[in-house]
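Number of protein chains: 2
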Amino acid sequence: MSQLGPAVGARSIDAAITELKALLGARVNDSAAVREHHSHGESYHVPAPPDVVCFPHTTEEVAGILKLSAKYQVPIVPFGAGTSLEGHVHAIKGGISIDLREMNRILRVSAEDLDATVEAGVTRLQLHKALRNKGLMFSVDPGADCTIGGMTATRASGTTAVRYGTMRETVVLADGGVIKTGTRARKSSAGYDLTRLFVGSEGTLCVITEITVRLHPLPEAVSAAVCAFESMQGAVETVIATIQLGVPVARIELLDETQLDAVNRYSHTTYPVAPTLFFEFHSDSERHVADQVETVQAIAAERGGRGFQWATRPEDREKLWKARHDSLYAALALRPGGRAMVTDVCVPISRLAECIVETMKDHQGASFPVALVGHAGDGNFHLNCILNPDSRVELDEAVRLNERMVVRALAMGGTCTGEHGVGSGKMKFLDAEHGPALEVMRTIKRALDPDNRMNPGKMVEI
Amino acid sequence: MSQLGPAVGARSIDAAITELKALLGARVNDSAAVREHHSHGESYHVPAPPDVVCFPHTTEEVAGILKLSAKYQVPIVPFGAGTSLEGHVHAIKGGISIDLREMNRILRVSAEDLDATVEAGVTRLQLHKALRNKGLMFSVDPGADCTIGGMTATRASGTTAVRYGTMRETVVLADGGVIKTGTRARKSSAGYDLTRLFVGSEGTLCVITEITVRLHPLPEAVSAAVCAFESMQGAVETVIATIQLGVPVARIELLDETQLDAVNRYSHTTYPVAPTLFFEFHSDSERHVADQVETVQAIAAERGGRGFQWATRPEDREKLWKARHDSLYAALALRPGGRAMVTDVCVPISRLAECIVETMKDHQGASFPVALVGHAGDGNFHLNCILNPDSRVELDEAVRLNERMVVRALAMGGTCTGEHGVGSGKMKFLDAEHGPALEVMRTIKRALDPDNRMNPGKMVEI
Chain A
1 MSQLGPAVGA RSIDAAITEL KALLGARVND SAAVREHHSH GESYHVPAPP DVVCFPHTTE
61 EVAGILKLSA KYQVPIVPFG AGTSLEGHVH AIKGGISIDL REMNRILRVS AEDLDATVEA
121 GVTRLQLHKA LRNKGLMFSV DPGADCTIGG MTATRASGTT AVRYGTMRET VVLADGGVIK
181 TGTRARKSSA GYDLTRLFVG SEGTLCVITE ITVRLHPLPE AVSAAVCAFE SMQGAVETVI
241 ATIQLGVPVA RIELLDETQL DAVNRYSHTT YPVAPTLFFE FHSDSERHVA DQVETVQAIA
301 AERGGRGFQW ATRPEDREKL WKARHDSLYA ALALRPGGRA MVTDVCVPIS RLAECIVETM
361 KDHQGASFPV ALVGHAGDGN FHLNCILNPD SRVELDEAVR LNERMVVRAL AMGGTCTGEH
421 GVGSGKMKFL DAEHGPALEV MRTIKRALDP DNRMNPGKMV EI
Chain B
1 MSQLGPAVGA RSIDAAITEL KALLGARVND SAAVREHHSH GESYHVPAPP DVVCFPHTTE
61 EVAGILKLSA KYQVPIVPFG AGTSLEGHVH AIKGGISIDL REMNRILRVS AEDLDATVEA
121 GVTRLQLHKA LRNKGLMFSV DPGADCTIGG MTATRASGTT AVRYGTMRET VVLADGGVIK
181 TGTRARKSSA GYDLTRLFVG SEGTLCVITE ITVRLHPLPE AVSAAVCAFE SMQGAVETVI
241 ATIQLGVPVA RIELLDETQL DAVNRYSHTT YPVAPTLFFE FHSDSERHVA DQVETVQAIA
301 AERGGRGFQW ATRPEDREKL WKARHDSLYA ALALRPGGRA MVTDVCVPIS RLAECIVETM
361 KDHQGASFPV ALVGHAGDGN FHLNCILNPD SRVELDEAVR LNERMVVRAL AMGGTCTGEH
421 GVGSGKMKFL DAEHGPALEV MRTIKRALDP DNRMNPGKMV EI
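From first to last, the protein sequence lines stand for chains A and B. Take the first sequence: its position 179, counted from the start at 1, is 179 in the working numbering, and no numbers get skipped. Take the second sequence: its position 62, counted from the start at 1, is 62 in the working numbering, and no numbers get skipped.
Worth flagging that the hints you see were computed from the coordinates, not collected in a lab. There could be a bad hint or two in this list.
Unchecked claim - With a cut-off of at most 25 angstroms between alpha-carbon atoms, the simulated DSS-like pairs for lysine-lysine come out as follows:
1. A:134 - A:319
2. B:180 - A:428
3. A:129 - A:21
4. A:180 - B:428
5. A:67 - A:21
6. B:428 - B:134
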């Protein structure tokens, strides 16, 4: 259990705030409004405000904050764009919220090495914009305009199959020490892979302040397609066959009927209301993109795919993918005034259809709309549950639905979260998922954060 | 420093051997011949025999060995195919060598999920053979017929760009506890990434006994090509431009004049003696392979590439790649009776030409043949130094050459090893490469192996 009580001692935090103000001046804020803003992400978890919020501009300033955290034994919670879905940024033990959004410089872009180094507060769209005129792209896309630091800390991946985009990090440790993980070489076998240990560590081992990410050339040729299916099974079998044939599809997204209907209403599209796949194809060659589309169309037709529509014109592709990207807003529009609880599991793709069909059966008759959307190529899917924000009953029902879905995913050899992270929301499932490996995680947590000051109460309890 | 002395106490090891024999019977061997065989890999490091060698058949037996290691405070050293190049398998503190080659079952292959689970002693070629009739391939290829366990433990990658093929491991910890890292889902953000922490940990944190690896469909279309260049600079610029244009080349290998000359002599080929690139192109479409070849040929022609030859017939491709694969034997044939010292660094690709040119200048006038071969797309290259095995003077000269190359690579933002690992050979460079991050690695080592019994004297000294 934590060595810290449920709240930080008033004297410690007051003394820490005094020293923080000496360090950062006006970039330390303990007003009620700012604390409230930093008390939650976009999830259903009960908000928990920090005692104070800091807005550092440099890694050295973050190190200074961590040294004060150590001196006064005050917890820290890193904060990015606030798009967390599992309670990562809630200051459940109080302390210092470190808002990294003012660390938003793109430090270096190399077209030769296909990498970029950014500060943690740079957002995904900010990086996209900076790269576009260089013919490059950063392909990890979790949907929201989250910060690169937040994506790294939660191992968010999203609709693109290209994962593990992180090559190197600058991080601040619990004692204020600063280290760089790895070099700028594209591969290394020199020592323990700290880069990937810290990716997904959710602020519980360190604060990530700079990230070097892999870039990719903008593809010469892009096409998109959408196809409705007679059954969920047929849609998933199409995904499996496509991957087995080695068609290098850039994205494959799966939507159920409810989600598709919501998309049609929200985005004024007229797709058939059925289980549907959205595809994006990239290549260095126009002919190859056409070949990919043709192959996938044939695969789909054999598996109940109907009305395969494809789009190569940029405006058509953008419309199609905007409809997919807006799927959460579309689901929310099913119930004006509603609030989303968004869940996430991932299973071996051979079990995906079964897992989805059972999950859909389980939420038939739910008191609220439930829409399903998935990154089908990864076996990863989400439920968008649109709840009455004032109804404790509905929330409890959604939580139970989520729990049954996680238990089902684990029983099928899957994981309790494919890309949202653990935060506080998924902690209770880690024992079932990891068994004795969880104790190894605790051992690592204790070794690197013996005082349990780094985002305490998240990921693993020590 | 290690808590163990330079050798294990005679009484401890005798008692351990007695109990090991009770556990494993005839699969415990302390004969001089078997100990000698387990005293070295394929490197120049001074052999160091273990006190005893065990040949377990199951994870549970490995756990039993680790429990005896704990009980008698005797070190363990995992052993695979013995192809290590940096002294990983030398029992420099004595103790128990755990030879995993009898754990060689392929436990599961899934064409739907594109993964396979194998025991650590399965070799790369054994897995290839088992997959071929299923239309699948395991694409990580370090050249030697190493074990999958050894490749995982050293983060070996080789000539294929597809890395991080490891999804999940079963490992035995220092106290004999057995854990599984991760699930069978293709992605997860549920907790610290123990899978990748253990990949490349070289037996210093755990013994890896089972590995789940990613598979890929055998490509529908394959082509290969070879092209000589007027300069090393032109060859490297061709690689950079190819990657920047998004041509998804499966392999790009670089050979210098000396290596090319050796290949011609050994493999009876007649390639021009010049800096040379070997390419392999894969696709799901014949036309796309042809497009790739055409694009790369044009890129090469603009950068001093001459006599671009391509091969689509399987026998021609195989001849070409066999020549590349045999490059170490070819280099050895430059000096009958010679012994190779093979080195390895990796730099950002933007610095690759400069690093290679400076390194080649540095070994002009060496007392022995030096041939260069590289995985150019990664910025990774090797020197094959062919030494008189009886000459201490030549070995010292080669060691100094290697040291200067590593220092040069680090100064260019690179790493001391791209794929061979640290072992004992590269330990002295980790401080320069990692700075204070090395202490984080030591903290992790101390936390997971407090007695320093897991392959002591390798990777990090605690």
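Quiz item: Taking only the CA atoms, is the gap from residue 134 of chain A to residue 319 of chain A under or equal to 25 angstroms?
Solution: At roughly 24 angstroms apart (the allowed maximum being 25 angstroms), residue 319 of chain A and residue 134 of chain A satisfy the hint.
Quiz item: Is residue 180 of chain A within 25 angstroms of residue 428 of chain B, Cα to Cα?
Solution: 18 angstroms, holds
Quiz item: Is the Cα-Cα distance between residue 129 of chain A and residue 21 of chain A 25 angstroms or less?
Solution: 34 angstroms, violated
Quiz item: Are the Cα positions of residue 67 of chain A and residue 21 of chain A separated by 25 angstroms at most?
Solution: Holds, because 14 angstroms separates the two Cα atoms, which is no more than 25 angstroms.
Quiz item: Is residue 180 of chain B within 25 angstroms of residue 428 of chain A, Cα to Cα?
Solution: 18 angstroms, holds
Quiz prompt | Pairwise hint evaluation, residue 134 of chain B against residue 428 of chain B, where the allowed Cα distance is 25 angstroms at most | solution = 45 angstroms, violated
Hint compliance for this structure: hints 3 and 6 are not met, and every other hint is.
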